[in-house]
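K.L.:
What follows is each chain in one-letter form.
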Amino acid sequence: MKTTTNATGPGGDVRLAGISKTYGSFTAVHPLDLTVPQGSFFALLGASGCGKTTTLRMIAGLEEPSAGTVHLGDQDVTALPPYKRPVNTVFQSYALFPHLDIFENVAFGLRRRGVKSVKKQVEEMLDLVQLGEQARKKPHQLSGGQQQRVAVARALINHPKVLLLDEPLGALDLKLRRQMQLELKRIQTEVGITFVHVTHDQEEAMTMADTVAVMNGGRVEQLGAPADLYENPRTTFVANFLGTSNLIEAEVGARDGDDLVVKAAGDKLLLPAGRCSAPAGTGGKVLVGVRPEKIGIAHADEAGAVPEGRNRLTGTIAATSFIGVSTQYVVDCEACPGVEVYVQNIDRDPRLVPGADVVLHWNPAHTFGLDAAQDIDAGLAEEEAAR
Amino acid sequence: MTLTEAPAPPAPAAPPPAARPRRRGRFTPYWLLLPGILWLLVFFALPMVYQASTSVQTGSLEEGYEVTWHVAAYWDALSGYWPQFLRSVAYAAAATTLCLLLGYPLAYLIAFRAGRWRNLIMILVIAPFFTSFLIRTLAWKTILADGGPVVGALNALHVLDVTGWLGWTAGDRVLATPLAVVCGLTYNFLPFMILPLYSSLERIDGRLHEAAGDLYARPVTTFRKVTFPLSMPGVVSGTLLTFIPATGDYVNADLLGSADTRMVGNVIQTQFLRVLDYPTAAALSFVLMAAILVMVTFYIRKSGTEDLV
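Chains as they are written, first to last, in the UniProt record's numbering: chain A, 1 to 387; chain B, 1 to 309.
Treat the hints with care, as some may be off.
[Unchecked claim] Straight-line C-alpha distance at most 20 angstroms; calculated PhoX-like pairs for lysine-lysine: (1) A/K84 - A/K120; (2) A/K137 - B/K141; (3) A/K185 - A/K175; (4) A/K138 - B/K225; (5) A/K138 - A/K175; (6) B/K225 - A/K116; (7) A/K285 - A/K268; (8) B/K225 - A/K119; (9) B/K302 - A/K84; (10) A/K137 - A/K119.
[What the hints assert, rightly or not] One side only, chain B facing chain A, incomplete, derived with CB under 10 angstroms: (11) I143; (12) G147; (13) P149; (14) S199; (15) R207; (16) L215; (17) Y216; (18) P229; (19) M232; (20) R274.
Don't read these hints as lab results, they were simulated from the structure.
Just so you know, even glycine gets a beta-carbon here, dropped at the ideal spot from N, CA and C.
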């Protein structure tokens, strides 16, 4: 199976240059430059209407870009109709041909390209997606998960340079979706084809992709490896859309070595200068962010036990919820009401109940800084909608 | 019962006496079926039995008819009128083919390309039904009138030379020729082709076209391998809705044709209403029905849409 990688050669990148799409006065995709390296698993992540599907359809040729070019390797495919592009798509609702059986669905692309003996290839591909037994069934006789695998097989059998996946798991229930995520990742590793995956599910994007581009309002907000995006969000949208962030408005004070000292309602916090994406001049505003699971929580009586050098905030527990593996606290601090804190249930302190005064503390290295000129709630509504 | 120890809730206002569930479900389907069954019985089954008995009677109007099991009437009908039978099938087949050729592109256009014009075009398709079948057919008499613009144009383009050579028209005339009858049949039954075609095309998921294109099918191949096969139910029901009534039609042949274009419908009409030879007319009707039944069954088997039967 690895031979397919060699067939496409090293120039199998997808390169979008200044590509944009407008419908009348509405701009679905703002001019966008994007390079997806050969063989990578790339995810376009965003809420509905952010332009991710339009971008994908422009790569497939199903949508004509208003401006810009699409390159596959060295070939400019911008003007090519979909049937001439070495690209295949797994559609959101699978779009299997209802009048053809599974075998013929999978063989469709091969037959159109005039391949004579398709039997062996189709059987191999059906085995890859573990549907060898179902070859003579019609699509409607299969379950959603099986149909989804047929859609993948039907696309992959053509050894496209790029496989495009348009929310391929959206119609599946949660358990099956988890299973298919691993399955798709396995197949991608096995065949080594570039996958471009469109999804609104941040967990899906993070588990599967090597690189994630977070899109918002027709623009790529940030692009990077999942862990990098999660740990170092550069905009409030990314910070809020990808997981949960506590964002605290603060004022930049002095500089202390590699750290910035910021003041949030009387509390002094340390922020590594390298993790601050905002122009942070003294006296300027900045949003200080920290992820809920990075924060430790201690009862006010134990404040002395909190090690020196950690960022601290004091507050009152507003609500707790027991999740099983963890407990989630909502703590009202002076600097920021509603700080979320996730603590693993190892030794639960029975005093940590709503109304208790607590000290929140975290390693300053886990703090990130964002430009305060942005909407602090950007991405919250979208994340809600995407769930 | 520990439940009884729970404090009794304050007595609510007396609920309306609950209607006891009546056992009415059992016969409901039959009651609902009754009007249809009665309708079929009175207007189809009984006339069929009556007609069957008529077809094996002998006698005359003056002396009265009597069932004599004169089965030869069927043979007489077939041997006497087989040209009209063949003509009916041929005209109906030609009209059905024309309807399909004209109707498919239009149905395709309405289903996939019309956008906001869809409803308007649909209304235009149905609009002719607002006038009577007879008037519409008579209008064709004017359209195809001798020396009229249509005939003049066809003559100038030498189309009539070709159709005349094929035996579809005679001389400078279109009226009173097979072509006129087929034109009338095509025109009158076209909506019955378009509507089922449209409804089956409209149900096709547009993403299937995208998927086919994505899988290297050119637009023509997409049509051949995806769109057309998926529209087969519409093709089959459209052709049946056109072919069956066209075979038995007599109005078009009567108004637009001549003695040489008489269809089996015309024969039956004449036998029933002019000659008053009821047994022959009844036998002819049965033969026509049987012939259509056989052809349709064969056709449906062939086209592989058994779920229509």
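K.L.:
Which hint numbers does the structure go against, in order from smallest to largest?
P.N.:
Numbers 1, 2, 5, 9, 11, 12, 13, 14, 20, in rising order.
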